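Following the hints, put chain V in place on chain Y, whose structure we already have.
In order, the protein sequences belong to chains Y and V.
Sequential numbering of the first sequence, starting at 3, is according to the numbering used here.
Sequential numbering of the second sequence, starting at 157, is according to the numbering used here.
Treat each hint with caution, since some may be false.
[To be verified] Below are the DSS-like pairs computed for lysine-lysine, each with C-alpha atoms no more than 25 angstroms apart in a straight line:
id	chain 1	residue 1	chain 2	residue 2
1	Y	Lys67	Y	Lys52
2	Y	Lys245	Y	Lys269
3	Y	Lys301	V	Lys258
4	Y	Lys301	Y	Lys370
5	Y	Lys225	Y	Lys170
6	Y	Lys292	Y	Lys370
7	Y	Lys301	V	Lys166
8	V	Lys258	Y	Lys25
9	Y	Lys190	Y	Lys170
[Unchecked claim] Derived contacts from chain V toward chain Y, CB cut-off under 10 angstroms, selection only:
id	residue
10	Asp189
11	Thr220
12	Thr240
13	Asp271
[Stated by the list, open to error] For each label pair, taking beta carbons as the anchor points, the in silico distance ranges come out as:
id	chain 1	residue 1	chain 2	residue 2	range
14	Y	Ala287	V	Lys166	50 to 56 angstroms
15	V	Ala272	Y	Asn100	56 to 62 angstroms
16	Y	Pro149	V	Asp198	26 to 32 angstroms
I should point out that these hints are in silico values taken from the structure, not numbers from a laboratory.
Owing to the predicted nature of the structure, the values given are computational and were not obtained by experimental measurement.
C-beta atoms are modelled at their ideal positions from N, C-alpha and C, and glycine is treated no differently.
Spelled out, the chains give:
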Amino acid sequence: MSTSATELMKTPLNAAHRALNAKMVDFGGWDMPVQYPAGILAEHEAVRTKAGLFDVSHMGEIRVKGPGALALVEHLTPNAVSKLALGQVHYTAFLYENGTFVDDLLVYREGEEEFLLVVNAGNSDKDFAWVQQQAKGFDCTVVNESPATGQIALQGPLAVGILQPLTKTPLDPIGYYFFTHGEVAGIKCLISRTGYTGEDGFELYCAAGDTERLWNAVLAAGKPAGLIPAGLGCRNTLRLECKMALYGHEIDDTIHALEAGLGWIVKLDKGDFIGREALLAAKAAPAPRKLVGFKTLEKRDIARDHMPVVQDGRQIGFVTSAAPSPTCGFNLGLAYVPTDLAKIGGRIQIEIRGRAVDAEIIPTPFYKRAK
Amino acid sequence: MFPADLKYTKDHEWLKPAGDGTALVGITHYAQDALGDVVFVDLPEAGAAFGQGEEFGTVESVKTVSELNMPTAGEVLEVNAALTDHPEAVNEDPYGKGWMVKIKLTGALAGDLLDAAAYEALVSAESH
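So here's chain V without its partners, still in its complex pose:
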């Protein structure tokens, strides 16, 4: 149910390592569904660095706002500028067009990242 090639956090972010020391970051289908229609994504500038678990932005929906936390320590290389005019991409394609930042990994991958099966189990428990 959740893409097998991604890593997940318990705050519903996903991480997609590219194999070259960089990775993409976004929020999961479960997160976008809970938020409802996304109206704005507040992202940092390229060059900003964050430790694991640090807040790197916020995602605003019509009815609520949610923090974005960095899944693993990294420096922002690129920000998805298309989200400024099309924040709905986060709802429509959370793992593709809805990507939020591209980071350069600045440390070892965080040890407590979840694989798809573990994240699925977490989400099942949360929905009951």
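Okay, chain Y solo, but in the shape it has when bound:
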């Protein structure tokens, strides 16, 4: 039995994906392309060597505006919002009082008193409710712009060359994790030099009604250079190779920011924020578990998401995400393991369909693009 496609939410590009013969799957209640006919391996390689184009319109957008906007966003997130310049964006999180994750997100500083928060598709409603609830007592408005916003991501070393002919905005000067407003193919866009793949590239936000035209324009412009559409399948293998977190895997409401290796987004000295007390306490105590990267030793041993990490038949940890790595050429993954086992070169065992399989802890990220 499967969910009827009519019950799933659709992005503005749904018809475009089907016209491209995408294989569609239910992704957290959204009807999304997992791959196109080229396949996950070819799409992954295209992003690493040329460029791929992703539909990420299912992501959520929340705009916080007003005299109290900065204070609210500082209260909601552990990273230093006041350090964001106009036109700058940073990675951060919404945390609960106990320091665990409501979600991870990007914060865009659109103005002195205006921030755009971009959240995960699956957590959109939860996050909007969270922000609204926390906003009581702060002098600002909180607007859910998700239904009105489309987003596509052009990722790969050829991204600048593919996009520049479509816009008068000089793209090269836009630094990594900076953004600007401009027009692409005559369509008003927020042009952001960010992405979830580890390659150079841009995330383009536009009005929902403009998304299909934008998608078609970018695809056509990039075709001669080898740009192909890319689905959620390769999006996962790309981000995993770069050790980028995925909500529900490396981070969730049972894991706190420090054990996830995300201490770098936690600025304990910036002032108070939800979860600060808990993280101060966690920092002072020895961490019981740590997120590590691993590779299995045999080609046949492919670990998968959520498999147990075992020792002498007992579960001592768990795999968060794992897959064959197209770029690295071996089977890898991330796992939470007891801190005393979390040493580079150390061995752990993963239970793969009833068999305890050896894996070696290796440094992360597994892949880093050449400068």
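Leaving out everything else, chain V in the frame of chain Y:
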């Protein structure tokens, strides 16, 4: 749509009897398409024997893993060694270069194997 000279299981394996008591086994086009890019095929050694429906290996794709079940009782005579370095053959040529094992039939052919028309009907029902 599916080769008429093959027999099929409802788990999407195919069986090609050679007429001399041996047969080739693989997975269908429908199965490889559902799996996506195959990255590894885990197959048994020659000499291993399996009953009908018994798991004889696994096929791993980028995003998932699937069991391989023996369509009819048999003993493995030969394993397609080319799949070790070229697992993509399963996607590109599932009935030809993507063959997985050659077996010696050790009993009567399983009675519930499907012919091409019946398998096609099964697949049509599954895709809706």
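Outcome of the hint check:
no., hint, result
1, Lys67(Y) to Lys52(Y), "38 angstroms, violated"
2, Lys245(Y) to Lys269(Y), "21 angstroms, holds"
3, Lys301(Y) to Lys258(V), "23 angstroms, holds"
4, Lys301(Y) to Lys370(Y), "23 angstroms, holds"
5, Lys225(Y) to Lys170(Y), "20 angstroms, holds"
6, Lys292(Y) to Lys370(Y), "21 angstroms, holds"
7, Lys301(Y) to Lys166(V), "29 angstroms, violated"
8, Lys258(V) to Lys25(Y), "32 angstroms, violated"
9, Lys190(Y) to Lys170(Y), "12 angstroms, holds"
10, Asp189, "8 angstroms, holds"
11, Thr220, "8 angstroms, holds"
12, Thr240, "8 angstroms, holds"
13, Asp271, "27 angstroms, violated"
14, Ala287(Y) to Lys166(V): 50 to 56 angstroms, "54 angstroms, holds"
15, Ala272(V) to Asn100(Y): 56 to 62 angstroms, "59 angstroms, holds"
16, Pro149(Y) to Asp198(V): 26 to 32 angstroms, "45 angstroms, violated"
Violated hints for the displayed structure, listed by number in ascending order: 1, 7, 8, 13, 16.
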